[in-house]
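*Asks:* Listed below, chain by chain, are the residues.
Number of protein chains: 2
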Amino acid sequence: MVKVIFIGAGNLATHLSVAMQNKQYEIIQVFSRSNESASQLGQVLGVPYTTDITSVKDNADLYIFSLKDTALKETVARLKPNTALWVHTAGSVPMNIFEGYIRRYGVLYPLQTFSKTRSIDISTTPFFIEASAPEDLKLLSDIAHSLATKVTITTSEQRKYLHLSAVFACNFTNHMYAIANNILKQQGLSFDVLLPLIDETATKIHEMNPIKAQTGPAVRYDENVMQAQQELLSDSIEKEIYHLISKNIHKFSQTDHEQNKL
Amino acid sequence: MVKVIFIGAGNLATHLSVAMQNKQYEIIQVFSRSNESASQLGQVLGVPYTTDITSVKDNADLYIFSLKDTALKETVARLKPNTALWVHTAGSVPMNIFEGYIRRYGVLYPLQTFSKTRSIDISTTPFFIEASAPEDLKLLSDIAHSLATKVTITTSEQRKYLHLSAVFACNFTNHMYAIANNILKQQGLSFDVLLPLIDETATKIHEMNPIKAQTGPAVRYDENVMQAQQELLSDSIEKEIYHLISKNIHKFSQTDHEQNKL
Numbered sequence: 001m002v003k004v005i006f007i008g009a010g011n012l013a014t015h016l017s018v019a020m021q022n023k024q025y026e027i028i029q030v031f032s033r034s035n036e037s038a039s040q041l042g043q044v045l046g047v048p049y050t051t052d053i054t055s056v057k058d059n060a061d062l063y064i065f066s067l068k069d070t071a072l073k074e075t076v077a078r079l080k081p082n083t084a085l086w087v088h089t090a091g092s093v094p095m096n097i098f099e100g101y102i103r104r105y106g107v108l109y110p111l112q113t114f115s116k117t118r119s120i121d122i123s124t125t126p127f128f129i130e131a132s133a134p135e136d137l138k139l140l141s142d143i144a145h146s147l148a149t150k151v152t153i154t155t156s157e158q159r160k161y162l163h164l165s166a167v168f169a170c171n172f173t174n175h176m177y178a179i180a181n182n183i184l185k186q187q188g189l190s191f192d193v194l195l196p197l198i199d200e201t202a203t204k205i206h207e208m209n210p211i212k213a214q215t216g217p218a219v220r221y222d223e224n225v226m227q228a229q230q231e232l233l234s235d236s237i238e239k240e241i242y243h244l245i246s247k248n249i250h251k252f253s254q255t256d257h258e259q260n261k262l
Numbered sequence: 001m002v003k004v005i006f007i008g009a010g011n012l013a014t015h016l017s018v019a020m021q022n023k024q025y026e027i028i029q030v031f032s033r034s035n036e037s038a039s040q041l042g043q044v045l046g047v048p049y050t051t052d053i054t055s056v057k058d059n060a061d062l063y064i065f066s067l068k069d070t071a072l073k074e075t076v077a078r079l080k081p082n083t084a085l086w087v088h089t090a091g092s093v094p095m096n097i098f099e100g101y102i103r104r105y106g107v108l109y110p111l112q113t114f115s116k117t118r119s120i121d122i123s124t125t126p127f128f129i130e131a132s133a134p135e136d137l138k139l140l141s142d143i144a145h146s147l148a149t150k151v152t153i154t155t156s157e158q159r160k161y162l163h164l165s166a167v168f169a170c171n172f173t174n175h176m177y178a179i180a181n182n183i184l185k186q187q188g189l190s191f192d193v194l195l196p197l198i199d200e201t202a203t204k205i206h207e208m209n210p211i212k213a214q215t216g217p218a219v220r221y222d223e224n225v226m227q228a229q230q231e232l233l234s235d236s237i238e239k240e241i242y243h244l245i246s247k248n249i250h251k252f253s254q255t256d257h258e259q260n261k262l
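From first to last, the protein sequence lines stand for chains A and B. Letter by letter, the first sequence follows residues 1 to 262 of full-length UniProt numbering. Letter by letter, the second sequence follows residues 1 to 262 of full-length UniProt numbering.
Watch out, some of these pointers could steer you wrong.
Note: identical chains are not told apart, hence a pair may lie in one copy or across any two.
Stated by the list, open to error - Each computed DSS-like pair below joins lysine-lysine, with the alpha-carbon atoms no more than 25 Å apart:
#1 K247 - K23
#2 K116 - K251
#3 K150 - K23
#4 K73 - K150
#5 K150 - K185
#6 K68 - K212
#7 K68 - K239
#8 K185 - K212
#9 K251 - K239
#10 K251 - K185
#11 K23 - K3
#12 K150 - K160
#13 K3 - K212
#14 K251 - K68
#15 K68 - K116
#16 K57 - K150
#17 K239 - K160
#18 K3 - K251
#19 K212 - K116
#20 K138 - K239
#21 K247 - K68
#22 K185 - K3
#23 K23 - K239
#24 K185 - K160
No wet-lab data here; the hints were simulated from the structure. Keep in mind that this is a model prediction, so the values were computed, not measured.
Chain A extracted, bound-state conformation:
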């Protein structure tokens, strides 16, 4: 049985460790710099936890670093080297952050948005893996396949772009919802009225290319509506966001049009 220690106890670590424990991996310890996070995840998993990096046990087979990007490197540097495989779960951090600290290393990157209070079906989450040696890539591939159906080997370079695309598709999309929510709140209208539209927008691109799926004033290049809508926005950053996204929608539709003509 593969023994695992989680270095980090945030949203991603919580979801991943619970999913691994359900699949019979033996989580033997949790480390977090915050006592609250460490104890919380320790209790969820029913395993010992520590906030002292020198107390992390050395007998695990796999150490999963799931920390803020800014804390990752220093924590790697502070953990005592051993013969196990060390991996991180970050989109934008190259695998070679481990170089010089440990012999066997890799990346196990689940492409999903994790909130503490929501359960996630990890089996449908795409995993992207990378390792410093073929046998460890095989090990990570087996682990990822035991958790989910979609597993892809990618380089650190590709993973950076994957993460960037996820920031647009998830984080920036969520911010579009947040702006919409504010607009409605100011009019005394409920955000709920947008849910069928939001669902349809997300569902549609399962079967349509997003450029073909584009609707609205910008793709029709309806300048009157665009001008009037910009004037409704009181915030100067939001006015500029409206202007630039509209401009880019128009640009994309022109490119698509050109390509269709060829």
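For this one, chain A is given, so just place chain B on it according to the hints.
*Replies:* Okay, now just chain B, sitting in the frame of chain A:
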């Protein structure tokens, strides 16, 4: 039985007329300036169509104008006045566009994104209605309730903001998908890897406020990642979109934090 004529044969007109026909409304004619659209929708509904506004019949009870905003006013002006109720389906056009042309008028605005090739469950689409007289508001309310469960009376002013919120929640969201798609394409990766993330992002806000649901480098204010990701974008408009949305995510999280402290 309510007799209906559709003035316009685009995506919205197609979905709405089919839904109304299924509910036993009698669509008696379709007008469109384009022969292709007029004949297509005429055939779908099995009813006569015309491209000549002077040939539009005068014996319907309800005329539904579903045209591009820019074409709406001139088409209203060219249709011969009668005793029926005239409504339009646009988000950003005030009801009083009809004033001086017809005595009975109103608005029937379904908040959804319509593509010709996708079927829509109209019963879950929120409808927003407005009318020049109480008895016509009652009539529109009955019609909207016969099609869908969620019907709200709103002013032209509120409807403008509804439409603006929909542009963010749908059109701009779809553009975030389109940018993500381009980023992946350039790396030889499939857009499909983002679908579980996109679905979760949309599903999450059914139960969480979008400000609470926000994840990613901007809300953590991880400047290293944000800087690095902006540098990955080769297009200057996209760089600026990245910068401004990140800035606004940070601003929203600060406001939320302040409100939580109070």
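*Asks:* Within a copy, between copies, both or neither: where do K116 and K251 come within 25 Å Cα-Cα?
*Replies:* between (38 Å within a copy, 22 Å between copies)
*Asks:* Within a copy, between copies, both or neither: which one fits K185 and K160 at a CA-CA cutoff of 25 Å?
*Replies:* between (36 Å within a copy, 14 Å between copies)
*Asks:* Taking 25 Å as the upper bound on the Cα-Cα distance, should K3 and K212 be classified as within, between, both, or neither?
*Replies:* Neither: 48 Å inside a chain and 34 Å across chains, both beyond 25 Å.
*Asks:* Reference check for the pair K251 and K185, CA-CA at most 25 Å: within, between, both, or neither?
*Replies:* between (32 Å within a copy, 17 Å between copies)
*Asks:* Between the shortest in-copy and the shortest cross-copy C-alpha distance, which are at most 25 Å for K212 and K116: within, between, both, or neither?
*Replies:* between (35 Å within a copy, 11 Å between copies)
*Asks:* One pair to classify: K251 and K68, alpha carbons no more than 25 Å apart. Within, between, both, or neither?
*Replies:* between (36 Å within a copy, 20 Å between copies)
*Asks:* Can you give me the call for K150 and K160, within, between, both or neither, at a CA distance of at most 25 Å?
*Replies:* within (19 Å within a copy, 43 Å between copies)
*Asks:* How would you classify K150 and K185 at a CA-CA limit of 25 Å: within, between, both, or neither?
*Replies:* between (39 Å within a copy, 18 Å between copies)
*Asks:* Check K57 against K150 for me: Cα-Cα at most 25 Å, and say if that holds within a copy, between copies, both or neither.
*Replies:* neither (31 Å within a copy, 57 Å between copies)
*Asks:* Reference check for the pair K138 and K239, CA-CA at most 25 Å: within, between, both, or neither?
*Replies:* neither (50 Å within a copy, 37 Å between copies)
*Asks:* Between the shortest in-copy and the shortest cross-copy C-alpha distance, which are at most 25 Å for K251 and K239: within, between, both, or neither?
*Replies:* both (18 Å within a copy, 15 Å between copies)
*Asks:* If the cutoff is 25 Å on CA atoms, where do K185 and K3 land: within, between, both or neither? Let me know, please.
*Replies:* Neither. Shortest intra-copy (49 Å) and inter-copy (38 Å) distances fail the 25 Å Cα cut-off.
Violated hints for the displayed structure, listed by number in ascending order: 1, 4, 13, 16, 18, 20, 22 and 23.
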